[in-house]
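Undergrad: For reference, the chains in residue letters:
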Amino acid sequence: MKLFRMFGRYVRDAFKSVSRNLSLSIASISCISITLIVVGIALVLSFNVDNFAKIIKRDVTIVVFLNQETTEDEFNHTIKAKIEKLQNVEKPIVLKSKEESKKEMMAESDVFKATMETWPEEDNPLRDSYLIKVKDIEQIKDTVQKIKTIDKVEVVDYGEGMVEQLIEAFKLVEKITIIIVAILIVVTVFLIINTIKLTIFSRKREISIMRLVGASNISIKIPFIIEGMLIGALGSIIPIVVVIYGYSALYEKFGGQLFSALIKLISPEPFIYIVASAVLVIGILVGMLGSGRAVRKYLKV
Amino acid sequence: MDLINIKHVNKVYKNGVTAIYDLSLKIKKGDFVFVIGGSGSGKSTLIKMLYREERPTSGEIILGGLNVAKLRNSKVYKLRRKLGIVFQDYRLLPKLTVYENVAFALEAIGARKEEIKKKTIKAIDLVGLKSKLRTYPTELSGGEQQRVAIARAIVNNPKLLICDEPTGNLDPDMSREIVSVLDTINKEVGTTIIMATHDREIVNEMKKHVIALKDGRLVKDFEKGTYDNEVI
Ligand SMILES: Nc1ncnc2c1ncn2[C@@H]1O[C@H](COP(=O)(O)OP(=O)(O)OP(=O)(O)O)[C@@H](O)[C@H]1O
Ligand SMILES: [Mg+2]
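Top to bottom, those sequences are chains U and C. Be aware that the first sequence starts at 1, since it is given in my numbering, and climbs by one per residue. Be aware that the second sequence starts at 1001, since it is given in my numbering, and climbs by one per residue.
No wet-lab data here; the hints were simulated from the structure. Zero decoy hints are in this set.
Here are the simulated BS3-like pairs of lysine-lysine, each with C-alpha atoms no more than 30 angstroms apart in a straight line:
hint, chain 1, residue 1, chain 2, residue 2
1, C, K1048, U, K297
2, C, K1119, C, K1048
3, C, K1078, U, K204
4, C, K1132, C, K1122
5, U, K221, C, K1078
6, U, K171, U, K135
7, U, K221, C, K1014
8, C, K1118, U, K221
9, U, K80, U, K135
10, C, K1113, U, K16
11, C, K1220, C, K1070
12, U, K297, C, K1082
13, C, K1095, C, K1048
14, C, K1095, U, K204
15, C, K1075, U, K297
16, U, K204, C, K1132
17, C, K1117, U, K204
18, C, K1113, U, K221
19, C, K1082, U, K221
20, U, K300, C, K1048
Selected chain C positions facing chain U (in silico; Cβ < 7 angstroms):
hint, residue
21, S1074
22, Y1077
23, R1081
24, A1105
25, A1108
26, I1109
27, G1110
Owing to the predicted nature of the structure, the values given are computational and were not obtained by experimental measurement. Glycine included, every Cβ here is placed at the ideal spot set by N, Cα and C.
Could you put the whole structure together from the sequences, leaning on the hints where they help?
TA: Spelled out as structure tokens, the structure:
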């Protein structure tokens, strides 16, 4: 195919053009590098927040205590079935009978052990309970309401308030990082448009002659698009190095967690390579988009 | 057979100036046509509409089977490959040699290497510049530069060669040289030639098909015409 035959020439031309306009290219590559570094940091941040949110959400458990009148059969079958029938409940739910609770507590401390040993077998003041995970944490309140209406359910506890607040906070952080990344990408696109416009301007005459002698618009566009991709790729080298080494060093320094053991960082491998490829892909795409738009104006005469 | 068929073409520019009024004419394959007329008579406008830099406001232009007026921007290259264009200001690339300037036209349309070499040498030979292959445009006279531009315009064997005042910047001797090159191309290769010009001596000497425009209207269409002062 003809386009294929011309491809080698296009790539050669792109390298030539970047080196011919070296100072301009370096300027735009540095600008893109700076933006991509921020994009990389934002990506690392948002992935970690996302990860942290997932961990927290996974940890959120609804504890349901049944009242004293509950029979063993109700605990093991009827009420369990009622709860498991609820849409949002992750099946199977964990059952914890009062006997188990008692054993657990006795194992935990000698003080408990001493007291509880005096309790007769059939007179256990503890309650039977369920430990429930939900599929969608945002509907947890609704699910809790439904559980509360079930007969013989006495107490439902899930850290009310705290969970909602956490969810709100995560949503906010996620939104902000998405907005920052989006704005940065738009800024980078405009940057590349302007850079390529300058290199195109110096080749205006060439382009108009190409149009005049019958070059198709695509074949005129392709070298500039390749040039944009090249600038994007070159611009992503430093950000990739920063992401890979920066994050690894950070992870080492903090021992894989932030402030407390609760906030776990994503382990660097393969995470940093995923972020690095994302930065490269964003750089190349943005370069492509910018140059494609920049050259359009010259293809109308 | 008609290579170009222009039917009832009007051209009104965005600023409201009407440059062409109801123009209809036909140009045969292999013809050599002078388009003459005073300054502002619409010669360049007519020529620009032929290679689709401008579109007619109304009317039809059929060129080698293509409906030029209706041609989409992305399909203009199909028309441009059928014709060669030469301007008063040569429009060469100063950083390229004579050879490279001519080869550029073939490279831009993705021709093969061997084909590029063969056709480029042939075209440069036809305009008589074979000894200047490695020379840069700035080292050439105006007439020589214009011959390079002509070589570039014909290198892809177009059916039609359009020239807008190709001798406008040249002295009479050089102008004659250029027109004789065009005449050779017309006779030997059979390329149809349309040339807009002010140069009355040349028009009178050559005795070719003459189309005269005045204020955007066709006032004369003669098979073997001369530059007529009374009409223009
Ligand atoms: N791009 C344009 N926009 C508006 N008006 C234009 C444009 N180009 C030409 N005109 C007008 O159209 C008319 C015809 O111009 P055109 O350039 O076709 O004349 P011409 O015969 O080539 O003249 P010359 O011999 O001076 O080159 C003139 O009145 C001119 O002012
Ligand atoms: Mg003119």
